[in-house]
Every structure is written in structure tokens, then in C-alpha cells.
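We have chain A already, so just place chain B on it with the hints.
Quick mapping for you: the protein sequence lines, in order, are chains A and B. Here the numbering used here is used: the first residue of the first sequence is 412, the next is one more, and so on. Here the numbering used here is used: the first residue of the second sequence is 29, the next is one more, and so on.
To be clear, the hints were calculated from the coordinates, so they are not data collected in a lab. There's no promise every hint is true.
DMTMM-like, lysine to aspartate or glutamate: derived pairs with alpha carbons at most 25 Å apart [stated by the list, open to error]:
1. 99(B) - 441(A)
2. 420(A) - 67(B)
3. 65(B) - 437(A)
4. 70(B) - 484(A)
5. 134(B) - 449(A)
6. 70(B) - 514(A)
7. 134(B) - 112(B)
8. 99(B) - 483(A)
9. 134(B) - 467(A)
Covered stretches of chain B, as calculated for chain A (at least 3 residues, CB under 8 Å) [as the list claims (entries may be wrong)]:
10. 65-72
11. 131-141
The beta-carbon is built from N, C-alpha and C at its ideal position, and this holds for glycine as well.
Chain by chain, the residues:
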Amino acid sequence: NAGVTQTPKFQVLKTGQSMTLQCAQDMNHEYMSWYRQDPGMGLRLIHYSVGAGITDQGEVPNGYNVSRSTTEDFPLRLLSAAPSQTSVYFCASSYSARGTGTEAFFGQGTRLTVV
Amino acid sequence: GESVGLHLPTLSVQEGDNSIINCAYSNSASDYFIWYKQESGKGPQFIIDIRSNMDKRQGQRVTVLLNKTVKHLSLQIAATQPGDSAVYFCAENIPNSGYSTLTFGKGTMLLVSP
Numbered sequence: 412n413a414g415v416t417q418t419p420k421f422q423v424l425k426t427g428q429s430m431t432l433q434c435a436q437d438m439n440h441e442y443m444s445w446y447r448q449d450p451g452m453g454l455r456l457i458h459y460s461v462g463a464g465i466t467d468q469g470e471v472p473n474g475y476n477v478s479r480s481t482t483e484d485f486p487l488r489l490l491s492a493a494p495s496q497t498s499v500y501f502c503a504s505s506y507s508a509r510g511t512g513t514e515a516f517f518g519q520g521t522r523l524t525v526v
Numbered sequence: 029g030e031s032v033g034l035h036l037p038t039l040s041v042q043e044g045d046n047s048i049i050n051c052a053y054s055n056s057a058s059d060y061f062i063w064y065k066q067e068s069g070k071g072p073q074f075i076i077d078i079r080s081n082m083d084k085r086q087g088q089r090v091t092v093l094l095n096k097t098v099k100h101l102s103l104q105i106a107a108t109q110p111g112d113s114a115v116y117f118c119a120e121n122i123p124n125s126g127y128s129t130l131t132f133g134k135g136t137m138l139l140v141s142p
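Next up, chain A with everything else stripped away, as it sits in the complex (with noise of 0.2 Å):
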């Protein structure tokens, strides 16, 4: 099994550029969540979803959107890349959106670096 899988691992963009973090899993999972990773800060909820066609804010949701038209699928949208979005994504999925089905597999990471 693949699990989680994140693309692309490195990105660079421009201030105000826009690009999507993909994210696929294939245990059929119900819910699938985005977290960003700071120097001292842990890991922080973006958005999630707990089923295709059902999103959520999470923590930190300004400058991002998200989308689930799939169960396998949900990727992150940065609308126009500001500098503080600079940090590591990473994605998760959980069999279950309750209770202790919500044990996480993430994916590798996304290192997205705004200039």
C-alpha cells in the first residue's frame, strides 16, 4: 500500500503566485486533514474533511482553500503565496472522523518555500 502520498516534496514559489499540494490516499479513509509544520510551533490544522463534499477550518485556514470531490483526494489550494506560508505541509488521513478511528497516517511533506 502506498498510504499517504503528498506531490511535490520541494517547491519554491513567488509572492503572490498560486499552486496546489496534492494529496491521494488509497486505504480508504473517511477523514483527511492538512496540517502545517513551523520551527517550534508543532503541527498545526489547516482544514478537513470528514467525507467527499464535506470541508472544514481548521486552526490556521486563512490563505488556503480545500476541496474533497473524492474520497481519495484533497488538495490544498494556495490562492497568492505570501512568505508566512513558507513551512512544511503535510497531509493525513484517519479511518473515522470519531472517536479512536482518529489515529492519523501522514504523508512525507511538502517543503514550500515563498520568496
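The following block gives chain B in isolation, referenced to the frame of chain A:
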């Protein structure tokens, strides 16, 4: 880019020692807790979990202790090995209108010397 390991609390141990990593969680309604290990350049990996109706759970070389009175979680690693060197995160599962979200601690870096 700057490593996510910078600015983190660091625990340095010798190979073969037992390690204890602590975590304070924030929400008394949290019903499930998970410890993750993150090696450099990789995504977090599940180590062990514990439900809020338990106070101790053991795995292979790892034990998690939960003290709900003071909202404290600890991860004990027995006979620590150089391969255990990583950043360790605790996460709490917060129920929210039927759905749950995981909230992560800031992490602790474990350095194991041979």
C-alpha cells in the same frame, strides 16, 4: 530551511537508558491521545495510543501514562537506542459536534548517544 527540531525542548540520553518524554494537554474533554515519532525529513509516525478511560498502556519498549487530574501524558521508552532519536509529539483528540480533531503538542527532541 530551518529544521523543525530547532527551538524544541531536548532530552539527551545514553544508549540503553530509559527515556521519559512529557506532555501537558489542554482540553479536559479530550477522549483519546496519541504519541507520534517524527524523524528528520519524514512525516509523523504513530507509536502508541491511549483512551481517556485508561491510565496506562504498554507496547513494545514503550509505555504511555495518562493522568487526567493534571492533564498530563508521558511516553516512556525502555532501553533507548540511537534509532529512537527523533522529535516526539503528543496529540489529543478533541470531540467536536460528532467529529473530532487532533491537536498536537509542540514536540520534544530526543537525542540518543551511542
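Could you grab the alpha-carbon distance between residue 99(B) and residue 441(A) and see if it respects the 25 Å cut-off?
Cα-Cα ~29 Å, so violated.
Given the hinted pair residue 70(B) and residue 484(A), is their alpha-carbon gap at most 25 Å?
holds, 20 Å
Check whether the Cα positions of residue 99(B) and residue 483(A) lie no farther apart than 25 Å.
The given pair, whose Cα atoms are some 35 Å apart, is violated under the 25 Å limit.
Is residue 134(B) close enough to residue 467(A), meaning Cα to Cα at most 25 Å?
holds, 23 Å
Please verify whether residue 420(A) and residue 67(B) have alpha carbons no more than 25 Å apart.
holds, 16 Å
Has the segment 131-141 of chain B got at least three residues whose CB is nearer than 8 Å to a CB belonging to chain A?
With 5 residues in contact (Cβ-Cβ under 8 Å with chain A), the coverage given for the segment 131-141 of chain B holds.
Report holds or violated for chain A covering the segment 65-72 of chain B, Cβ cut-off 8 Å, minimum 3 residues.
holds (count 4)
Taking only the CA atoms, is the gap from residue 65(B) to residue 437(A) under or equal to 25 Å?
Satisfied, since the Cα-Cα distance of roughly 22 Å is no more than 25 Å.
For the pair we were handed, residue 134(B) and residue 449(A), check the Cα-Cα distance against 25 Å.
holds, 10 Å
Tell me if the straight-line CA distance from residue 70(B) to residue 514(A) falls inside 25 Å.
Within the cut-off at roughly 17 Å; holds.
Distance restraint between residue 134(B) and residue 112(B), which requires alpha-carbon spacing of 25 Å or less
holds, 18 Å
In summary, the numbered hints that this structure violates are 1, 8.
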